[in-house]
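Engineer: Listed here are the chains, written in short residue letters.
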Amino acid sequence: MMLIDIGIRGIGASMEEAFEQAAIALTAVITDPHNVAPLEEVGIECEAPDHELLLAEWLNELIYQMATRRMIFSRFEVTVDRTLLSGKAWGESIDIGRHKPAVEVKGATYTQLKVMRDETGTWLAQCVVDV
Amino acid sequence: MDTLQFTRHSETEWFIKPSGQMRVPAIIYATEELIRDMDQKVFEQVTNVATLPGIVKASYAMPDAHWGYGFPIGGVAAFDPGEGGIVSAGGVGYDVSCGVRTLLTGLAVEDVEPVKKQLAEALFRHVPAGVGSRGKIKLSDAEMDQMLTGGASWAVGRNYGTPQDLGRIEEHGRMQGANPEAVSARARERQREEMGTLGSGNHYLEVQRVAAIYDQETAAAFGIELNDIVLSIHCGSRGLGHQIGTEFLKEMAIAARGYGIKLPDRELACAPINSPVGQEYLGAMRGAINCALANRQIITHLTRKAFAEILPQAELKLLYDVSHNTCKVEEHEVDGQKRKLYVHRKGATRAFGPSHPDLPDDFKKTGQPVLIGGTMGTASYILVGTKESKELAFSSSCHGAGRAMSRHQALKQWKGRELVDYLASKGIVIRSPSMRGVAEEAPGAYKDVGEVVDAADEAGLSRKVARLEPRVCIKG
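These protein sequence lines map, in sequence, to chains A and B. When you line the first sequence up against my numbering, it's residues 1 to 131, in that order. When you line the second sequence up against my numbering, it's residues 1 to 476, in that order.
Just chain A, same shape as in the assembly (with noise of 0.2 angstroms):
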């Protein structure tokens, strides 16, 4: 059973801010990001052949180490190179006592998926995550 009920949206000067900030939602959805002790650093690499779909293959990575490495994150760092990105996640390793995580991600999905940027030069990258 699945349900559509969690949005997360970054905002940004940059589509990289964007990104990075749309990485913090992504963590809020899970459990408070200012519990999150930026520890330990993790780099990630993606590629995807546009922009919206290269923000659902950022946060997919996220998903993907937070599930195999059991940790959080809670500051993020984004550039992005055309079609590639290349980012650094920092963050800890989940203490279910402490950080009561309310539920896992299992997936950030291709609806509601938009990058973009407004006519004031501001950034915006969201999309709708499966849990």
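Just so you know, nobody snuck in bad clues.
Covered stretches of chain B, going by a simulated chain A footprint (3 or more residues, C-beta under 8 angstroms):
no.	segment
1	125 to 138
2	198 to 205
3	432 to 442
Derived DSSO-like pairs (lysine-lysine); straight-line CA-CA distance at most 27 angstroms:
no.	chain 1	residue 1	chain 2	residue 2
4	B	Lys387	B	Lys57
5	B	Lys136	A	Lys100
6	A	Lys114	B	Lys250
7	B	Lys340	B	Lys364
8	B	Lys17	B	Lys57
9	B	Lys364	B	Lys338
10	B	Lys41	B	Lys412
11	B	Lys41	B	Lys262
12	B	Lys364	B	Lys317
13	B	Lys426	A	Lys100
14	B	Lys426	B	Lys447
15	B	Lys426	B	Lys415
16	B	Lys262	B	Lys250
17	B	Lys317	B	Lys365
18	B	Lys390	B	Lys365
19	B	Lys262	B	Lys17
20	B	Lys317	B	Lys305
21	B	Lys338	B	Lys57
22	B	Lys262	B	Lys340
23	B	Lys250	A	Lys88
24	B	Lys138	A	Lys100
25	B	Lys412	B	Lys447
26	B	Lys17	B	Lys390
27	A	Lys100	B	Lys117
28	B	Lys412	A	Lys100
29	A	Lys114	B	Lys262
30	A	Lys100	B	Lys116
31	A	Lys114	B	Lys41
32	A	Lys100	B	Lys415
33	B	Lys387	B	Lys365
34	B	Lys340	B	Lys17
35	B	Lys365	B	Lys340
36	B	Lys338	B	Lys390
Keep in mind the hints are simulated off the structure, nothing from the lab. Just so we're clear, the structure is a prediction, and the values are computed from it rather than from any experiment. The beta carbon of each residue, even a glycine, is placed where N, CA and C say it ideally should be.
Once you have looked at the hints, place chain B on chain A.
Structural biologist: Okay, now just chain B, sitting in the frame of chain A:
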């Protein structure tokens, strides 16, 4: 939704005739009230599915349909490979083969009431639940391959359960046609420590009381009586299925362009059944079905261990195990001709009627049990497959309640701890690693599952047999 968009064919059948790119009509089964409450997105999505190549007869939505990813949740669609039919990762969903397994216990409500709390503790101790929980079983690469092809039957081979269990699982516990080579290293890595774990979100394990019986004869055939205690497990293919869903969604979104398929929505990502990507997905997705069946089998084993500690007289026997996120090859008669179709059910339960050849002998006379999960404070239902469902929607029925409120809204309205205390006052024991998770899954955040089930019954998709009410709930 506005009912004027439909031609109403009966009390519960809402028909949308083909227009624009639609190749076939779309049909939603629901009461007028449920239709009015449904999001307009369901209309958009059920008609979008009708545009996909090779679709047969109609694009269907069940009474619990709601806005999904590409396909509506509660969507059913069958495709013919001979007519360029497609397979879609978005038509199956991220949690491949998510489903419900119900076990009989041989206990009555008075046996369980005095030890409810101890039972909840034992179940919570034995069955890993929630984010970041790990299973005790770690699979080597060779074992992972065996699990992917063997499903529940692999698990039984490792002494997680008995051979009798397998007769009470769809596909007899083992989905044919799985291809471990199509399952990526990442999907395997995500699963390595997750065998026998419940997961989170709306996944649960519940000890339930049979609170009402609607069809005495079928209930007797299923082995259930009023005030019996049964147990239900709702979960899926864990990290492996999620990763396969994620990877193929991207692969198909890119591949569809190459195959000249025009997608009205990116989430409808699909590939022809007879294409390399289509075949690879089918092989991987069937591996994920086996993963879900193995997972529910291991959880059954852990549940039996927990019961043995508290209620050793219990005998936990499977009633049935159904999956509600799948694509399966089935034979269906269309316009008098038998055809092999690829039936996608996304948030919809298969519901074979009496004398269907794929059913175990025990259910040949009655039709299969159709297991519908509710929420922790309300009710779940057991229904039975009907003969007419074959004609109505390729033998399919609803799968659950569906949310009425977002997680965010639910968090604003309820506190986990208060909810647990409130449910305790109603005699329902909740154990969960996350109080925020409990609040997000508050019963009030869901639609009334009773209305959905009544609509499925009225439409003839399946027939009501019994209502189950929770006594103990382990929430992931």
